[in-house]
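Residue numbers (our numbering), protein chains in the order written: chain A, 1 to 88; chain B, 1 to 216.
No lab work stands behind these hints: they were computed from the structure. Note that beta-carbon positions come from the ideal geometry of N, C-alpha and C, so glycine has one too. Don't take every hint at face value.
Stated by the list, open to error - FRET-style restraints, in silico, Cβ to Cβ:
| id | chain 1 | residue 1 | chain 2 | residue 2 | range |
| --- | --- | --- | --- | --- | --- |
| 1 | B | Gln52 | A | Asn62 | 21 to 27 Å |
| 2 | A | Arg24 | B | Gly24 | 43 to 49 Å |
| 3 | A | Arg85 | B | Tyr68 | 41 to 47 Å |
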Amino acid sequence: MSHTPHHPHHGLAQFEKLSEYLDRELDELTCQDIERHAKNCIACRVCLETLKQTVMLCHSINHDEKPVPPDFAIRLKETIKALCRDKG
Amino acid sequence: MSISQNPRTPNDDDTELIIQINSGRTDLFPELVRRYEQKLYNFGIRMCRDVQDAEDMVQDTFLNVFRYLKDFRFESRFKNWLYRVATRTCLKKKRKSLYAPEEELSLDYFLPGEEAAIPARVPDWAAAPLDQLLNEELGNRLRQAVHELPESYRLVLVLRDMEGFSTSETARILNLSESNIKVRLHRARLFVRQKLTDYFDHEPYTPSSPSWSCPV
Ligand SMILES: [Zn+2]
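Let the sequences and hints guide you as you build the complete structure.
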């Protein structure tokens, strides 16, 4: 694992575009470039796959929404009611 | 492209309600609150330091919405406008600006160092089905990582990857350029990814085996 010239050779450009790649915000050609590169470059493939999983995990924790705490819900309702009474 | 036949967004379920409220039916305002209080509360606990701050943010946001609803021009979905008000409320409270040159996340930080070992393969956790991977502990780690992000990065990541807004919607909510959103989002994701990588380095995930198995 000595001096494999890994990141110098592809530099920052591809690395910076990985999120846009995952979000399908890149043009076809750039996507193909990235895919071709990741096929042969394990470091970028690892980066891409772990990043993708990170994004999917973020999406999935959004699904378990917490309910509003009951005491706050009551307070909020009262505040809003008073507001509507004053202005209404 | 300019689509300007109708300034009202057609698919917004809130349009009718808002028109009524703005025409004097303020008694219907609680219905608008009911529709969004839970969404906003969950956004609050992702963004704020604690539950108390989240509750304050929700309440202040609705007070601001009540005050400024007349200015809503139906140029976006109401939900987007609501989040715009909410993020302002959030930042104002802390007297912070999104444009302050504070706490930048440099990309260099995330690039593999010269010394870093080049991984031999994609780690198991990255290839695991989400339902097998995601448990309470990991959920907590993930939330914690999001909270450790500098605020402006946290806002972008939460809006894009948790609240589900598009790049252009997020740009409009935060009044930043789309390219700015993309840069911040990527860095925020890399930050969270690094935290997850560290976590799994200590608690390796192996398919269908307990997570405490010893690293080789
Ligand atoms: Zn590479």
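Status of the hints after comparison with the structure:
no. : hint                            : result
1   : Gln52(B) / Asn62(A): 21 to 27 Å : holds (22 Å)
2   : Arg24(A) / Gly24(B): 43 to 49 Å : holds (45 Å)
3   : Arg85(A) / Tyr68(B): 41 to 47 Å : violated (19 Å)
When held up to the earlier numbered hints, the structure conflicts with hint 3 and nothing else.
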